[in-house]
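A.B. asks: Here are the chains, one letter per residue:
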Amino acid sequence: MATTTATVSISSGDLNPGSTLSINASSTLMKTGLTTGMELMEMGNHTLAVDTEKALSLALGEVNGSHFVYICNTTTDDTRYIEWGLHETMIGNLGAGEWMFIPWNNAVTSDSEVELEAKIGAATFEYAIFKSAWTLPAAGGA
Amino acid sequence: MATINASISISSDIMSYPARINKTMTMKKLASCHGLEETTGLRTKKFGLVTTAAVIAEAGELTSGQAHKMYIRNTSSSKAGYFFVAYNASAAGATTTEIIGKLHGGDWMLFPYNGATNITVASDGAEEQTLEYMVFADGIVAAEG
Chain Z
1 MATTTATVSI SSGDLNPGST LSINASSTLM KTGLTTGMEL MEMGNHTLAV DTEKALSLAL
61 GEVNGSHFVY ICNTTTDDTR YIEWGLHETM IGNLGAGEWM FIPWNNAVTS DSEVELEAKI
121 GAATFEYAIF KSAWTLPAAG GA
Chain H
1001 MATINASISI SSDIMSYPAR INKTMTMKKL ASCHGLEETT GLRTKKFGLV TTAAVIAEAG
1061 ELTSGQAHKM YIRNTSSSKA GYFFVAYNAS AAGATTTEII GKLHGGDWML FPYNGATNIT
1121 VASDGAEEQT LEYMVFADGI VAAEG
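Chains as they are written, first to last, in this note's numbering: chain Z, 1 to 142; chain H, 1001 to 1145.
Calculated directly from the structure, the hints in this document are not laboratory data. Here the structure is a predicted model, which is why all the values come from computation and not from measurement. Heads up, the beta-carbon is just placed ideally off N, CA and C, and yes, glycines get one too. There may be inaccurate statements among the hints.
[Said to hold, decoys possible] Derived coverage of chain Z by chain H (criterion: at least 3 residues anywhere in the stretch with Cβ under 8 Å from a Cβ of chain H; other residues may be distant): (1) 13-20; (2) 35-42; (3) 66-78.
[To be verified] Derived pair list, reagent style SDA-like, types lysine to any residue, alpha-carbon separation capped at 20 Å: (4) H:Lys1079 with Z:Thr3; (5) H:Lys1023 with Z:Ser9; (6) H:Lys1023 with H:Cys1033.
Turn these sequences into a full structure, and let the hints guide you.
C.D. replies: Right, here's the structure in full:
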């Protein structure tokens, strides 16, 4: 069984006057059913032209499963950012140099991609998807 | 200007060679080099076995269309229980289209949030669970008197 561990640390010495913020958390990512570690992953990077979209799809993945997505906007121009969303609703703006990490359960069978759209200018991002299960396309005729 | 740093480290032996992701970011305002300097505070909330959707980040509380960051963690030690995390109005069931994902015990998430929709959670599991969450804000709307 593979083991995948995700750790986060958040710190600030001046957000709250008089107290230092220090959050540390670590989790072992488990497949749906919770007895086995993740066994599938996909990594890549992509450049988006301004106002164009890219969808990270789990179309052949397990619906209502336990999947995780990491995305980092590797653009260095602070004025450029990437909008992200699900089901045609934009949820947030990922700035240059910023990353995100979310669980993704692929709630419905269609239109459940994580959508990314570059704003202000072209943007490059890297991503990793940790999957519970994945079905390869069936072989066609011909 | 405050400085808030967040780092992620992912290690995996899924592939035949070790996969490592290590990134550190400074949380910034939208399309800016200036760091975030506001927060709604670090909060913890205990939930019952199965609950209906509850709002943990309210759209009207934050300036809409900005680059807020939201951290959420299920602090429970058992993987058996989980929280549905969703945007907009509902997080009550697996088939709700607004579901982002499920946070099992120990799982965490950190994502940019534009403040235009609510972020909601619903508990589901065999035991009480505690949620830890915090919004790093790119603008907080002052409550009306």
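A.B. asks: Run every hint past the structure and note whether it holds.
C.D. replies: Okay, the hints, checked on the actual structure:
Closer than 8 Å: that is the beta-carbon criterion, and the stretch 13-20 of chain Z has 4 residues meeting it against chain H, so the requirement of 3 holds. Residues of the stretch 35-42 of chain Z lying with their CB closer than 8 Å to a CB of chain H number 4, which satisfies the three-residue condition for coverage. Check on the stretch 66-78 of chain Z: 6 of its residues sit with their Cβ under 8 Å from a Cβ of chain H, so the three-residue criterion for coverage holds. Only pairs whose Cα atoms come within 20 Å are accepted, and H:Lys1079 paired with Z:Thr3 is accepted, the gap being roughly 15 Å.
Distance hint between H:Lys1023 and Z:Ser9 is fulfilled; the C-alpha atoms sit about 11 Å from each other, no more than 20 Å. Taken as a hint, the H:Lys1023 and H:Cys1033 pair is honoured in the structure, with Cα atoms around 18 Å apart against an allowance of 20 Å.
The earlier numbered hints are all upheld by this structure, with none contradicted.
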